[in-house]
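Participant: Sequence:
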Amino acid sequence: REEKAFEFFYERMSSSQAKNMLVFSHYPSDYFWAYPNFLAELSNASRHHVEFYGGHRHNVDNTSVTSIAPNSAWLVGGGGGWGCESDGTEQGFLVGEIGLDGTVTTYPALVNYSMCCEA
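If you use the working numbering, the sequence shown corresponds to residues 1 to 119, in order.
What the hints contain is simulated information worked out from the structure, not anything from laboratory work. Every residue gets a Cβ at the ideal spot worked out from N, C-alpha and C, and that includes glycine. A portion of the hints provided could be inaccurate.
Stated by the list, open to error - Mimicking SDA-like on lysine to any residue, the simulated pairs with C-alpha atoms at most 25 Å apart in a straight line are:
#: 1; residue 1: K19; residue 2: F38
#: 2; residue 1: K4; residue 2: W33
#: 3; residue 1: K19; residue 2: F9
#: 4; residue 1: K4; residue 2: F38
#: 5; residue 1: K4; residue 2: G55
#: 6; residue 1: K19; residue 2: E41
#: 7; residue 1: K19; residue 2: A45
#: 8; residue 1: K19; residue 2: S43
#: 9; residue 1: K19; residue 2: H48
#: 10; residue 1: K4; residue 2: Y35
#: 11; residue 1: K4; residue 2: N20
#: 12; residue 1: K19; residue 2: N71
#: 13; residue 1: K19; residue 2: E7
Unchecked claim - Cβ-Cβ distance ranges computed for the label pairs, FRET-style:
#: 14; residue 1: K19; residue 2: S114; range: 37 to 47 Å
#: 15; residue 1: V104; residue 2: Y31; range: 19 to 29 Å
#: 16; residue 1: A69; residue 2: A18; range: 13 to 23 Å
#: 17; residue 1: T103; residue 2: E3; range: 12 to 22 Å
#: 18; residue 1: S114; residue 2: E11; range: 44 to 54 Å
#: 19; residue 1: S67; residue 2: E2; range: 18 to 28 Å
#: 20; residue 1: Y35; residue 2: M115; range: 30 to 40 Å
#: 21; residue 1: T106; residue 2: A40; range: 20 to 30 Å
#: 22; residue 1: A69; residue 2: A5; range: 30 to 40 Å
#: 23; residue 1: A45; residue 2: M115; range: 21 to 31 Å
Please build the complete structure, drawing on both the sequences and the hints.
Facilitator: Structure follows, in structure tokens:
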């Protein structure tokens, strides 16, 4: 399954004419340390702007993940009280907007940690 997923990703990245590529994964970018070619392709902005959304951990941020600059990587585990790890207190969700000009804008919509998780 893993091999097929990577094949599908590379095929789509090479064949798509889209300005933007939105890539979703259960795992955030920092889980792919053993796949440098995958991280390099996520970082490649020569053909597409890439927005990568991974979960697994239960908070929302773009600082605990491996950078794919100049593209963007987000941890979008949400939280909401289900899982309240002490290493990520950003509870909420990620908003993504695609403008009329095709520009992708993302930003977190967070709530106070104590509303979801006991301090």
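Participant: Would you mind confirming whether the straight-line C-alpha gap from K4 to N20 stays at or under 25 Å?
Facilitator: Measuring from Cα to Cα gives roughly 22 Å; hence the hint holds.
Participant: Given the proposed pairing of K4 with Y35, does the C-alpha separation stay at or below 25 Å?
Facilitator: Distance of about 14 Å is within 25 Å: holds.
Participant: Please work out if K19 and E7 have their alpha carbons no farther apart than 25 Å.
Facilitator: 20 Å, holds
Participant: Checking one constraint from the list: CA of K4 to CA of G55, max 25 Å. Satisfied?
Facilitator: 20 Å, holds
Participant: Between A69 and A18, does the C-beta distance stay in 13 to 23 Å?
Facilitator: Holds - the Cβ-Cβ distance for A69 and A18, about 20 Å, lies within 13 to 23 Å.
Participant: May I ask you to test the hint 30 to 40 Å on the CB atoms belonging to A69 and A5?
Facilitator: 23 Å, violated
Participant: Check the hint pairing K19 with H48 against an upper bound of 25 Å on the C-alpha distance.
Facilitator: Roughly 5 Å between the alpha carbons, so the hint for K19 and H48 holds.
Participant: Could you say whether the range 20 to 30 Å given as a hint is met by the Cβ separation of T106 and A40?
Facilitator: 22 Å, holds
Participant: Starting from K19, check that the Cα of E41 is at most 25 Å away, please.
Facilitator: Satisfied, since the Cα-Cα distance of roughly 15 Å is no more than 25 Å.
Participant: Is 37 to 47 Å right for how far apart the beta carbons of K19 and S114 are?
Facilitator: Roughly 40 Å apart at Cβ, these two residues keep to the hinted range, so it holds.
Participant: 44 to 54 Å was suggested as the range; check whether the CB atoms of S114 and E11 agree with it.
Facilitator: 45 Å, holds
Participant: Can you confirm whether the C-alpha distance between K19 and F38 stays at or below 25 Å?
Facilitator: 19 Å, holds
Hints 17, 22 and 23 from the list above are not met by this structure, while the remaining hints are.
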